[in-house]
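Asks: Start from the sequences and build out the full structure, keeping to the hints where you can.
As given, the protein sequences belong to chains A and B, one line each in that order.
Numbering of the first sequence is given in numbering that gives the first Met the number 0, commencing with residue 0 and proceeding in unit increments.
Numbering of the second sequence is given in numbering that gives the first Met the number 0, commencing with residue 0 and proceeding in unit increments.
For the record, the hints were derived by calculation from the structure and aren't laboratory data.
Glycine included, each C-beta is placed from N, C-alpha and C at the ideal position.
Hints may contain errors.
Unchecked claim - Calculated Cβ distances over 10 Å to all of chain A for the following chain B residues:
(1) 8
(2) 124
(3) 166
(4) 215
(5) 263
(6) 268
(7) 269
Said to hold, decoys possible - Computed from the model, here is a short list of chain B residues facing chain A with C-beta under 7 Å:
(8) 77
(9) 85
(10) 91
(11) 93
(12) 108
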Amino acid sequence: MFRAILRVQYRESRLAILVLAGIALAIPLVAFRGLDLRSDPWDAFQLLSASGKWSAAYPLLALGLGLVLAGGAWAADHRSRHVYALTLPVARWRYLLLRYIAGGILLLGVGALVYAGGAMALSRLTLPPLLHGYPGGLAIRFCLAGLSAYTLLFALNGITQRAARFLVAGLLLLVVLAALADLLSLDWHPLGRFMDAVLGPYSPLAIFRARWMLIDV
Amino acid sequence: MIDGMQVLDAIQARGLSYRVEGFALSNFNLTVPGGAVYGFLGPNGAGKTTTIRLLLGLLRPEGGSIKVLGRAVPTDVVRVLRRVGYVPERPHLYLELTVAESIRFHSAFHERYDRAGSDKLVSRFGLPPDRRLSQLSKGELGKLMILQALAQRPDLLVLDEPTDGLDPVVRRDALATILEYVSDTGATVLISSHLVHELERFCDWVGVLDQGSMIAELPMHEFKSGLKRLRVSAGAATADAPFSVLAREAAGVGSEVWTVRGWEPAMSSWFGASHPLKEVVDLDLEEAFVELLRSSRAPVREVA
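Replies: Structure, rendered in structure tokens:
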């Protein structure tokens, strides 16, 4: 049953997944390609600079992958207005879990390619003292970020129209309250608090703001 | 059969109520006897699809109880769905898959799925295994949905307008395949349609739904034999008639046409010499259906 769902989910978004997987493999290789590495103190600077220049690509890729996987998890069921899924002899929670895990497996596959790309890039380089390669750490961070994005978007994409209306109404209320607080010069910032809760240091999405360096000190 | 016991009624719905914008089902009852081929008739918008979705647990009723194959819905719907083959009015399968992939996917969820039987039906229906569902014609998609439902080896087939929009050849093929399955297995069938003449040939029970209410539910032979059009002399009183008069219209000088229900041949003696019965005309299912709808919407129609 799980394999059947995994196959369907892959079929649904395979083109996007394959493109993102290719990019995941290519980023580390492209990032350090053509560096003029000589045995001088500037090697470390060049490496760190190249690593930093491409570091924003990984969270963007993780976000994109989360989006593609969450979309792929629901697209076929949205098209059939969930009639097919609801008439399969499987409990709704179990079906949901299988769909979610299938997306997670696909995400792990791309995460493995991030690791492979990083390891391949590092194998071509001789790192100066004090610099280290973190292909495993980068891949784990990529998977966690991808999982955060995927989980959030999977939930948002799967909610009912009614729940979506409540969510949008809640967000609008927040904006109105923030505008009122500003108008009345109150020391209260509901929108800022909300953004902190979503993107702050202890939020599930905080990982997107971390350092994404394949090579670091 | 379920758990080794014969199920008397395959479907029982009692006092069902459900409301959405512009439509309400209230105090709705439905009984589909086990082994019956039950024609669920009603005009477009009568509530057939909503009822079927309630029976299969896709929608939750606001009140009342539903039992399908002896199990409560929606409480025990997963067990029910293991034994129910469903063909909805619109294609519901994943259109990105090929025919072969769709069959593989469907079979993964159904323990009793008959792969050999499905292979036979693929070739019988002429379905191209490697073609995507999105590239199939409407007829091919319809046949694939019927194939999937039959290959599950269900005890109950629920078919919601399964042949709507199909050409006559495909329709005949599909219905013949369903009937073969039913005669082989003794499965129960609930088939909804507004194409009345289509059901007339093979249903043994009929339920007529209109505006969210069941206006008639009876064996097909009673439905067909009890409904007649009588040509009688004008002026007869109907108050003490042993049958119910659904409609009464003038038909030329000195004659009236009555549409009646519950007619039996012996009742012709009820008409006296002053207002003799001139002719008894059989109604086919479509005429009976139309008359039932007319009489339920406007119960008394006097002579024009």
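Asks: Evaluate each hint against the coordinates.
Replies: Verification of the supplied hints:
1. 8: Given a closest Cβ separation of 21 Å, the condition holds.
2. 124: holds, 20 Å
3. 166: Consistent with the label, residue 166/B stays out of reach of chain A, its closest Cβ about 24 Å off (over 10 Å).
4. 215: Residue 215/B is indeed farther than 10 Å from all Cβ atoms of chain A, at 28 Å.
5. 263: It holds; residue 263/B is separated from chain A by about 43 Å at its closest Cβ, greater than 10 Å.
6. 268: With a cut-off of 10 Å, residue 268/B remains clear of chain A, as the shortest Cβ separation is near 53 Å.
7. 269: Holds, because the least Cβ-Cβ distance between residue 269/B and chain A comes to about 51 Å, which exceeds 10 Å.
8. 77: holds, 5 Å
9. 85: Interface hint status for residue 85/B: holds (5 Å vs cutoff 7 Å).
10. 91: For residue 91/B, the interface hint holds, since the closest Cβ of chain A sits about 4 Å away, which is under 7 Å.
11. 93: Because about 4 Å separates residue 93/B from the closest Cβ in chain A, which is inside the 7 Å limit, the hint holds.
12. 108: Given a least distance of 5 Å, the restraint on residue 108/B holds.
When the structure is compared with the earlier hints, no violation turns up for any of them.
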